[in-house]
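Asks: So the sequences go chain by chain: A and B. With my numbering, the residue at position 60 of the first sequence is 60, and numbering never jumps. If you want my numbering, it's the position in the second sequence, counting the first as 1, plus 1000.
Please keep in mind that the hints were generated in silico from the structure rather than gathered at the bench. Careful, some of the hints might be misleading.
Claimed, not checked - Cross-link-like lysine to any residue pairs, in silico, SDA-like; alpha carbons within 25 Å at most:
1) A:Lys-62 / B:Glu-1037
2) B:Lys-1062 / A:Leu-22
3) A:Lys-46 / B:Val-1143
As the list claims (entries may be wrong) - Chain A regions said to be covered by chain B (calculated; three or more residues, Cβ under 8 Å):
4) 24-36
5) 107-114
6) 122-129
7) 132-138
8) 163-171
9) 192-198
Just so it is clear, CB atoms sit at the ideal spot from N, CA and C, and this is done for glycine as well.
Protein chains: 2
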Amino acid sequence: MDDEAPGLPRRPRADGQRTRQLILREAVSLATVDGLEGLSIGNLAKALGISKSGLYAHFGSKQELQLATVDEAGRIFQAEVVEPALAAPAGLAQLVAVCDAFFDHLQRRTLPGGCFFAGAALEMGTRPGPVKERVAGFQGAFVGLIRQFAAAALRQQQLPAAEDPDFLAFELNGIILAADTNFVLHDDTGVLDLARQVVRRRLGVAPAQLDAGDDLR
Amino acid sequence: MDDEAPGLPRRPRADGQRTRQLILREAVSLATVDGLEGLSIGNLAKALGISKSGLYAHFGSKQELQLATVDEAGRIFQAEVVEPALAAPAGLAQLVAVCDAFFDHLQRRTLPGGCFFAGAALEMGTRPGPVKERVAGFQGAFVGLIRQFAAAALRQQQLPAAEDPDFLAFELNGIILAADTNFVLHDDTGVLDLARQVVRRRLGVAPAQLDAGDDLR
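Construct the entire structure; sequences and hints are all you get.
Replies: Shown next, in the form of structure tokens:
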């Protein structure tokens, strides 16, 4: 494994970047098990089988490591949840797609402890500072995205006019959090099938063909 | 503070029980900050200013302490959330009351890190064993209670006949989890006011008079 020190690059920059990304990917996984606070340069070095000094070359402090881990979790979430939703037609279809993409993200078991941000939000609640702010910013942006999809669906008259985009975003974020909590507790994909149907019923769209999720890995 | 050893009671049994309860109350609070895994006899002794041997007299092992902590959290939840709901008229009023009692529980800031069970569920996800099972049992019983209130409301035709009690219980548990996550992240009672209105809108009942919550402490 890469063990370069800052200012003394023994490998091209692209390799260092790749190593950094591998480290952060492991850090995101570990944080869903032991928490962002449980994440230390020592634990991470042990999990990766590399030296602590190798890690210090990438991250100068625990907080820097935590912030970089939140950013990497954000990139994973963007690729697995946000991008599939944005690929759907604007409006109601995006609203269903963003929830389905979240349930698929859980079903794929990308991370051992379920949704990184659901856990990080509760863990960081009593720990004011830049890490909590970054998690809160992410959470706010995600609910804002759901709200934007809901507002588009309302403009296109795909939802009853009495619906409120703020209320609906709150509810759908809630269904997403309930799915995460129940899936993490019971490790049962039936929870995700139920969540997919709850979303459809709530939004007045036809029930899902539930064998679709079976292909996920 | 009480420092009795098992088999050598220096105080009457009632005092030992009271001490045990004070210890567990602190353990529940600490667990909402550092997690159930972060709870150790050493940390707890430090927080309480008593000796580790005094704690070992009450709890023989970390697992025993964790299980007793989950049970104590269950008693707090029963008193602050379940009992106020059961005091409301059966049906729709209980459905609103259980959500309101949960939001009041958060607003009262009974525990520093918000809902004990929301955090414990995500934390214990990757840790199979009796502690996870007890948390899951509690979570399942709570959703079952919401379902029972929903079924009663349906029998009394207080909700549209197309509603499904399982779906509705999933959604309301989700609104509760979203309120906890947002309140923990933003420490803003506006989140709870919004959650109270979201519940009412979802159930088709009149909006709440929101100054009611201002008396809470």
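Asks: Failing hints, ascending?
Replies: Of the numbered hints given earlier, those the structure breaks are 2 and 3, listed in rising order.
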